[in-house]
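Asker: Those protein sequences? They're chains A and B, same order as listed.
Here the first sequence is numbered in the working numbering, starting from 1 and rising by one per residue.
Here the second sequence is numbered in the working numbering, starting from 270 and rising by one per residue.
If you are wondering where the hints come from, they were derived from the structure by calculation, not from laboratory data.
It is possible that part of the hints are untrue.
Stated by the list, open to error - Under 10 Å between C-beta atoms, here's a sample of chain A residues computed to sit facing chain B:
| id | residue |
| --- | --- |
| 1 | K40 |
| 2 | D52 |
| 3 | G100 |
| 4 | V103 |
| 5 | N105 |
| 6 | K183 |
| 7 | M207 |
| 8 | A221 |
To be verified - Sample of chain B residues facing chain A (criterion: CB under 7 Å; computed from the structure):
| id | residue |
| --- | --- |
| 9 | V289 |
| 10 | L295 |
| 11 | L297 |
| 12 | L320 |
| 13 | L322 |
Glycine is no exception: its CB is placed at the ideal position from the N, C-alpha and C atoms.
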Amino acid sequence: MKIKILVAPALIIMIIVLSVWFVYPAYTNGSDGVKEKKQKLNEQIRLSDNLDNQISNIGKLAAYLKANTDQNAVVFDYIPKNKEEEKLIENLSLLAKDSGLSVLNISVFEMKSEEPTPSPVLPPVAPAEVATPEAASPVVPAQVLATTKIAPKKVRVDFSVFGDYGGIKVLVEKIQKANRFNKFSTLEIKTLLTEEQLVSESLSAKMVLEFNYLKELTSLAEGDIDNPIFSAVAFDRQIMDEIGKKKNIDIRDVLPGQKGTANPFLMLK
Amino acid sequence: MVNINLVTDGKNRESIGSGVTGLFVLLLLVLGLYAFLVFYGKSLDKKADSLKLDYDSKRSSLVVGDSKKILDFQNRLTLAKESMTKERDMKQDIGKVEEALAAGVYLNGYVYDDATKSIALDCYSDSYESVARQILSFKSSDYFLSVLAGETKLDTKSSRVSFPIILTIK
Numbered sequence: 001m002k003i004k005i006l007v008a009p010a011l012i013i014m015i016i017v018l019s020v021w022f023v024y025p026a027y028t029n030g031s032d033g034v035k036e037k038k039q040k041l042n043e044q045i046r047l048s049d050n051l052d053n054q055i056s057n058i059g060k061l062a063a064y065l066k067a068n069t070d071q072n073a074v075v076f077d078y079i080p081k082n083k084e085e086e087k088l089i090e091n092l093s094l095l096a097k098d099s100g101l102s103v104l105n106i107s108v109f110e111m112k113s114e115e116p117t118p119s120p121v122l123p124p125v126a127p128a129e130v131a132t133p134e135a136a137s138p139v140v141p142a143q144v145l146a147t148t149k150i151a152p153k154k155v156r157v158d159f160s161v162f163g164d165y166g167g168i169k170v171l172v173e174k175i176q177k178a179n180r181f182n183k184f185s186t187l188e189i190k191t192l193l194t195e196e197q198l199v200s201e202s203l204s205a206k207m208v209l210e211f212n213y214l215k216e217l218t219s220l221a222e223g224d225i226d227n228p229i230f231s232a233v234a235f236d237r238q239i240m241d242e243i244g245k246k247k248n249i250d251i252r253d254v255l256p257g258q259k260g261t262a263n264p265f266l267m268l269k
Numbered sequence: 270m271v272n273i274n275l276v277t278d279g280k281n282r283e284s285i286g287s288g289v290t291g292l293f294v295l296l297l298l299v300l301g302l303y304a305f306l307v308f309y310g311k312s313l314d315k316k317a318d319s320l321k322l323d324y325d326s327k328r329s330s331l332v333v334g335d336s337k338k339i340l341d342f343q344n345r346l347t348l349a350k351e352s353m354t355k356e357r358d359m360k361q362d363i364g365k366v367e368e369a370l371a372a373g374v375y376l377n378g379y380v381y382d383d384a385t386k387s388i389a390l391d392c393y394s395d396s397y398e399s400v401a402r403q404i405l406s407f408k409s410s411d412y413f414l415s416v417l418a419g420e421t422k423l424d425t426k427s428s429r430v431s432f433p434i435i436l437t438i439k
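Kindly produce the complete structure, drawing on both the sequences and the hints.
Answerer: In structure tokens form, the structure reads like this:
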């Protein structure tokens, strides 16, 4: 009879102990309870869906690139894959001739690479938005994984001409309208005076020009997949249109011409 | 003498008995719930593991293939956007100097330096009044941020004044 009296309180205590020490922690304990596992699973499902979207976007973007090769060429002309210094020499010489100027010097130099431009940085995100589920601890920047940096190489061209003022102005304009990126580091225009002359219409122009090129991407870093472009369905065409409007002088290809000689110390005619 | 009856009646016994049964049932429910949570947690782990494997394999497959070409093109677009904003209109700079040149003044040299965004002019004039007018003319132009005149020199042979001016562009 006495044992029977103790059963009820003992059961109540067992229920409370089980609920507090086992059931509730199994439901939620801040790290690996069912509630947290469910949240992580939902997050993984979301990431997986995002990845499926990215795969679909990559298909669309790749199809766009294939279908618009000619239109996209403006971008590859503006920032080519290679140095193409032979093109720079030939085209600057042609532009000077077209402007009625005589060329004194065209020298091409490779410039030291600057610090690479970082890829677009994403804002810090909460653990729930971190790319890899197991990395969900404190607040972490999204770009914790290595990404490819945009590192253009630069080419410096020392270019000197002489002629009249009008021709120099035309040349400057033509260089700026050439469809390859260029920047005037310096432009020096001076009169060519003899000792007796006070005024001269003959001018010399020395300019230091900067061109750039970007080597083709050979491999992707793990973090590159998080680049915002893979979440987009199309490229931003605005810049292509802008280049097309402002840069309307084509950089011509160099023709190989005749080659091969029996005597390399004599000029081939 | 008052009688005290210590024997419980049948109804009370039954109610105690059903209360204990209820507690047993509740205990079983709690145990069942715990077992459910443990097994459900394990099944969630399995699902998460398989999703992660799938995610990782899909993600690594993205690193090869067309994504390389897409990112290469996008990098060029990003760089082109930056570069276009950096390009200065040199013709406009020259044009603004032409516009501001005062009568009686001409140039012997024009040097643009992109690092300092400045134009150094080597000028000649027929008089000091022209020098003053020239400085004023550049100062009154909105295109130039600052105008810095240097040392003037009078060439007695040619009766002309040479003077430098450094213009900083906005």
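Asker: Compare the structure with each hint and give your call.
Answerer: Verification of the hints:
{"no.": "1", "hint": "K40", "result": "6 Å, holds"}
{"no.": "2", "hint": "D52", "result": "8 Å, holds"}
{"no.": "3", "hint": "G100", "result": "17 Å, violated"}
{"no.": "4", "hint": "V103", "result": "19 Å, violated"}
{"no.": "5", "hint": "N105", "result": "17 Å, violated"}
{"no.": "6", "hint": "K183", "result": "6 Å, holds"}
{"no.": "7", "hint": "M207", "result": "9 Å, holds"}
{"no.": "8", "hint": "A221", "result": "8 Å, holds"}
{"no.": "9", "hint": "V289", "result": "5 Å, holds"}
{"no.": "10", "hint": "L295", "result": "6 Å, holds"}
{"no.": "11", "hint": "L297", "result": "10 Å, violated"}
{"no.": "12", "hint": "L320", "result": "5 Å, holds"}
{"no.": "13", "hint": "L322", "result": "11 Å, violated"}
In this structure, the earlier hints numbered 3, 4, 5, 11 and 13 are contradicted, and the remaining ones agree with it.
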